[in-house]
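Model the full structure from these sequences, guided by the hints.
Protein chains in written order, with our numbering: chain B, 1 to 231; chain D, 1 to 231; chain W, 1 to 231; chain V, 1 to 231.
One thing to keep in mind: the hints can contain errors.
Since the list gives no way to pick out one identical chain from another, each pair is judged satisfied if it fits inside one copy or across any two copies.
[As the list claims (entries may be wrong)] Restricting the straight-line Cα-Cα distance to at most 27 Å, the calculated cross-link-like pairs of lysine-lysine (BS3-like) are:
#: 1; residue 1: K64; residue 2: K7
#: 2; residue 1: K229; residue 2: K219
#: 3; residue 1: K69; residue 2: K229
#: 4; residue 1: K219; residue 2: K69
Because the hints were derived from the structure by calculation, they are not lab data.
4 protein chains.
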Amino acid sequence: MIEQLKKEVFRANVELARHGLVTLTWGNVSGIDRSSRLVAIKPSGVDYQSMTASDMVVVDPDGKVVEGKLRPSSDTPTHLELYRAFPSIGGVVHTHSLYASMFAQACREIPCLGTTHADHFNGPVPVTRFLTPEEVDAGYESWTGKIIVERFSDLNSTVTPGVLVAGHAPFTWGGNPADAVENSLILERIAQMALGSIQLNPDIPVLPMHIQQKHYQRKHGPDAYYGQKKP
Amino acid sequence: MIEQLKKEVFRANVELARHGLVTLTWGNVSGIDRSSRLVAIKPSGVDYQSMTASDMVVVDPDGKVVEGKLRPSSDTPTHLELYRAFPSIGGVVHTHSLYASMFAQACREIPCLGTTHADHFNGPVPVTRFLTPEEVDAGYESWTGKIIVERFSDLNSTVTPGVLVAGHAPFTWGGNPADAVENSLILERIAQMALGSIQLNPDIPVLPMHIQQKHYQRKHGPDAYYGQKKP
Amino acid sequence: MIEQLKKEVFRANVELARHGLVTLTWGNVSGIDRSSRLVAIKPSGVDYQSMTASDMVVVDPDGKVVEGKLRPSSDTPTHLELYRAFPSIGGVVHTHSLYASMFAQACREIPCLGTTHADHFNGPVPVTRFLTPEEVDAGYESWTGKIIVERFSDLNSTVTPGVLVAGHAPFTWGGNPADAVENSLILERIAQMALGSIQLNPDIPVLPMHIQQKHYQRKHGPDAYYGQKKP
Amino acid sequence: MIEQLKKEVFRANVELARHGLVTLTWGNVSGIDRSSRLVAIKPSGVDYQSMTASDMVVVDPDGKVVEGKLRPSSDTPTHLELYRAFPSIGGVVHTHSLYASMFAQACREIPCLGTTHADHFNGPVPVTRFLTPEEVDAGYESWTGKIIVERFSDLNSTVTPGVLVAGHAPFTWGGNPADAVENSLILERIAQMALGSIQLNPDIPVLPMHIQQKHYQRKHGPDAYYGQKKP
Numbered sequence: 001m002i003e004q005l006k007k008e009v010f011r012a013n014v015e016l017a018r019h020g021l022v023t024l025t026w027g028n029v030s031g032i033d034r035s036s037r038l039v040a041i042k043p044s045g046v047d048y049q050s051m052t053a054s055d056m057v058v059v060d061p062d063g064k065v066v067e068g069k070l071r072p073s074s075d076t077p078t079h080l081e082l083y084r085a086f087p088s089i090g091g092v093v094h095t096h097s098l099y100a101s102m103f104a105q106a107c108r109e110i111p112c113l114g115t116t117h118a119d120h121f122n123g124p125v126p127v128t129r130f131l132t133p134e135e136v137d138a139g140y141e142s143w144t145g146k147i148i149v150e151r152f153s154d155l156n157s158t159v160t161p162g163v164l165v166a167g168h169a170p171f172t173w174g175g176n177p178a179d180a181v182e183n184s185l186i187l188e189r190i191a192q193m194a195l196g197s198i199q200l201n202p203d204i205p206v207l208p209m210h211i212q213q214k215h216y217q218r219k220h221g222p223d224a225y226y227g228q229k230k231p
Numbered sequence: 001m002i003e004q005l006k007k008e009v010f011r012a013n014v015e016l017a018r019h020g021l022v023t024l025t026w027g028n029v030s031g032i033d034r035s036s037r038l039v040a041i042k043p044s045g046v047d048y049q050s051m052t053a054s055d056m057v058v059v060d061p062d063g064k065v066v067e068g069k070l071r072p073s074s075d076t077p078t079h080l081e082l083y084r085a086f087p088s089i090g091g092v093v094h095t096h097s098l099y100a101s102m103f104a105q106a107c108r109e110i111p112c113l114g115t116t117h118a119d120h121f122n123g124p125v126p127v128t129r130f131l132t133p134e135e136v137d138a139g140y141e142s143w144t145g146k147i148i149v150e151r152f153s154d155l156n157s158t159v160t161p162g163v164l165v166a167g168h169a170p171f172t173w174g175g176n177p178a179d180a181v182e183n184s185l186i187l188e189r190i191a192q193m194a195l196g197s198i199q200l201n202p203d204i205p206v207l208p209m210h211i212q213q214k215h216y217q218r219k220h221g222p223d224a225y226y227g228q229k230k231p
Numbered sequence: 001m002i003e004q005l006k007k008e009v010f011r012a013n014v015e016l017a018r019h020g021l022v023t024l025t026w027g028n029v030s031g032i033d034r035s036s037r038l039v040a041i042k043p044s045g046v047d048y049q050s051m052t053a054s055d056m057v058v059v060d061p062d063g064k065v066v067e068g069k070l071r072p073s074s075d076t077p078t079h080l081e082l083y084r085a086f087p088s089i090g091g092v093v094h095t096h097s098l099y100a101s102m103f104a105q106a107c108r109e110i111p112c113l114g115t116t117h118a119d120h121f122n123g124p125v126p127v128t129r130f131l132t133p134e135e136v137d138a139g140y141e142s143w144t145g146k147i148i149v150e151r152f153s154d155l156n157s158t159v160t161p162g163v164l165v166a167g168h169a170p171f172t173w174g175g176n177p178a179d180a181v182e183n184s185l186i187l188e189r190i191a192q193m194a195l196g197s198i199q200l201n202p203d204i205p206v207l208p209m210h211i212q213q214k215h216y217q218r219k220h221g222p223d224a225y226y227g228q229k230k231p
Numbered sequence: 001m002i003e004q005l006k007k008e009v010f011r012a013n014v015e016l017a018r019h020g021l022v023t024l025t026w027g028n029v030s031g032i033d034r035s036s037r038l039v040a041i042k043p044s045g046v047d048y049q050s051m052t053a054s055d056m057v058v059v060d061p062d063g064k065v066v067e068g069k070l071r072p073s074s075d076t077p078t079h080l081e082l083y084r085a086f087p088s089i090g091g092v093v094h095t096h097s098l099y100a101s102m103f104a105q106a107c108r109e110i111p112c113l114g115t116t117h118a119d120h121f122n123g124p125v126p127v128t129r130f131l132t133p134e135e136v137d138a139g140y141e142s143w144t145g146k147i148i149v150e151r152f153s154d155l156n157s158t159v160t161p162g163v164l165v166a167g168h169a170p171f172t173w174g175g176n177p178a179d180a181v182e183n184s185l186i187l188e189r190i191a192q193m194a195l196g197s198i199q200l201n202p203d204i205p206v207l208p209m210h211i212q213q214k215h216y217q218r219k220h221g222p223d224a225y226y227g228q229k230k231p
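What follows is the structure in structure tokens.
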């Protein structure tokens with residue numbers, strides 16, 4: 001089971017780099033095995049070119065390494081907070097992808113300006129608040145997870161599968177590591193589109209709600225008809 | 001005949017991805033055989049890498065699948081509306097290409113600012129209105145086609161081979177699937193150029209009409225002299 | 001001699017596409033043999049992938065085809081005007097490269113904002129005026145050349161190896177076809193840099209003249225010391 | 001030793017081009033052997049494709065060539081000034097990378113707007129002043145180095161491993177040539193992100209200092225825990 005998860009997480013990390021979402025080692029993907037509560041994650045600061053599936057690090061819910069010779073990603077505590085708070089997710093991705101990070105740095109949520117966005121994120125992509133000095137001292141990475149969860153106190157992590165951490169960069173998630181990577185790519189594209197649309201019309205209104213809902217539902221609702229029937 | 005059309009449509013879909021106009025599965029090309037009135041189109045939500053010509057789905061003018069094991073693109077009803085209203089076209093393309101979608105999301109037509117535009121689109125690239133809630137309920141995809149056709153009530157689909165659907169993304173068309181793909185690429189490039197020109201000069205005037213006409217005519221008019229003689 | 005020139009022109013056309021300066025067939029390179037006054041140029045509307053050296057078309061100073069089965073580029077009369085007016089040039093390039101065309105469409109010259117520019121273009125990259133309806137009728141492509149030459153009445157084509165045609169796109173030139181292609185790439189890069197710098201500072205001043213001159217002279221002046229000694 | 005350094009410098013130059021930071025020959029990397037005080041540097045104006053390790057030029061602290069058949073980069077005196085003033089650095093890189101050069105041309109420092117920046121540069125990326133006419137005459141390239149050093153009179157070259165030369169382009173450095181190249185890539189990415197963030201919010205505040213410090217320290221401080229333990 002864990003071998004399978006490590007392969008999945010490895011492949012998802014490779015895919016993340018292949019999509020051009022990663023500069024140097026600025027990105028990491030993890031996946032969770034909900035039965036054993038073990039998480040496999042990319043090792044910290046390791047090059048995407050030289051990495052293999054066996055380099056993936058396995059940690060328990062407290063972040064203790066249970067398998068692997070390398071240190072896990074320094075962002076592991078953030079991933080663990082997300083798995084704890086969002087029980088339906090199976091994979092988490094963190095990148096510093098360019099356009100999503102532009103919005104994160106500007107502390108601006110990404111409004112839903114079109115159907116590309118509405119197809120995948122129900123409502124705007126939210127931004128967290130900044131961490132306080134006390135929170136940074138108390139555990140920077142776990143508190144990064146906590147302020148994401150705080151931001152989602154009135155949001156649904158299933159229909160909004162990502163967030164911008166203020167002054168930092170995006171986190172996305174999904175049912176498994178591959179889906180989380182796909183959401184990371186989608187977020188980057190809608191960020192780039194939104195930047196251009198805002199430049200063309202600084203007072204741009206959001207997409208009318210009846211169209212937002214239609215697009216989200218045709219892909220993700222109970223009567224979804226986009227794509228092929230699930231086997 | 002249909003085998004030939006399926007190959008053409010398949011190749012045009014591959015070409016669309018090769019031009020960088022497609023993220024994930026956000027794009028589809030169709031082609032029509034005017035004698036049998038059958039349309040071949042990309043299957044819905046299928047990956048461009050694994051797709052083959054035999055995966056293309058053939059539908060009749062009402063959208064009923066007459067050949068193929070997969071579901072057709074969810075945008076099929078939009079394509080069918082366009083084939084019905086524009087009798088001279090042989091191929092239709094839908095993408096969420098980045099720059100054209102920026103204009104679509106900003107509900108701004110692309111003005112003709114230069115000869116790159118004038119060479120291929122006669123006049124601005126128009127934007128549709130938004131669908132009403134009633135239209136969305138009555139059939140989102142076919143109504144998307146209907147508001148495109150409505151927008152062309154006083155436009156000529158032959159000299160303006162594309163449109164921006166408000167809050168959504170572009171549709172283009174052409175004499176055959178390959179030409180429709182080419183128009184999709186051209187639209188993306190003129191959108192990118194226009195964005196930059198507008199940023200350099202927010203009050204930019206359109207290209208003088210005598211130059212617009214000259215460029216369009218030298219490529220597409222009765223005395224066109226661009227390119228090689230048609231054999 | 002002409003065989004050699006055709007090869008050179010062919011290779012320069014390939015290089016132009018390799019640099020990403022060409023979409024579809026929007027670009028052409030020519031070269032001149034000053035002794036015979038013959039010009040080799042890309043055929044009109046032919047795909048860069050399928051083109052060979054033997055497809056290059058050879059024309060005399062009046063534009064009459066003296067060798068080759070295909071039609072020459074429709075922009076041939078523009079190239080010929082430039083060869084006539086600028087006796088020191090050996091190659092001409094026309095593209096619709098994205099960033100240079102943004103400035104051309106905005107009818108804005110590219111000011112010299114930095115050393116990248118100053119290294120290669122002495123002073124701003126100028127913009128022509130628009131053609132009048134009469135000039136368009138009298139011969140669009142040759143008049144495009146004439147207004148470029150008119151714009152250079154008080155400029156030096158050797159130290160300013162390129163121009164933006166208003167509402168259209170750039171032309172560049174050089175001592176031979178390869179140099180003209182290099183100038184086309186340089187122009188595209190300085191256009192992109194200038195757009196960003198102008199966005200960061202709309203009232204940006206030009207680079208101080210003593211630095212402009214220093215950079216141009218260290219590369220192109222009588223005591224140039226950039227690069228290797230010419231053999 | 002020098003053979004090893006030449007290989008390192010060669011590989012770093014190749015890497016610089018591979019990262020897309022170089023157009024034509026606009027970039028150079030050098031490395032220093034602190035024991036012999038010899039510097040290996042890219043030859044001037046030589047193509048990245050045809051270059052080999054044996055083409056690297058070795059100069060002494062006065063810039064005299066002690067090994068190699070080609071001329072060293074015309075920017076060699078700038079590199080030498082930096083090695084003289086910053087005793088802890090082992091590699092220097094100069095590029096005209098697009099986004100960093102946009103800021104250099106606009107004479108705007110890059111403010112620390114996010115953690116991507118804070119992870120690698122402690123505080124803003126500074127801009128130099130312009131050279132005076134007298135300084136240009138007295139030795140353009142060595143004075144370029146001197147005004148960088150002047151700018152760092154109250155800055156720490158270890159925690160701020162790069163600079164923008166006003167109206168010109170960036171220089172970066174590091175413990176060895178490969179690190180200097182990495183800092184060049186990082187600078188380009190944070191410049192691009194900053195441009196977008198500034199466009200989204202022209203009055204954007206800098207990242208709160210407690211987060212800036214946390215990010216810099218977790219990667220570079222005495223208790224750094226990012227990446228793997230050094231062997």
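_Violated hints - listed by number, lowest first_ = Of the numbered hints given earlier, the structure breaks none, since each of them holds.
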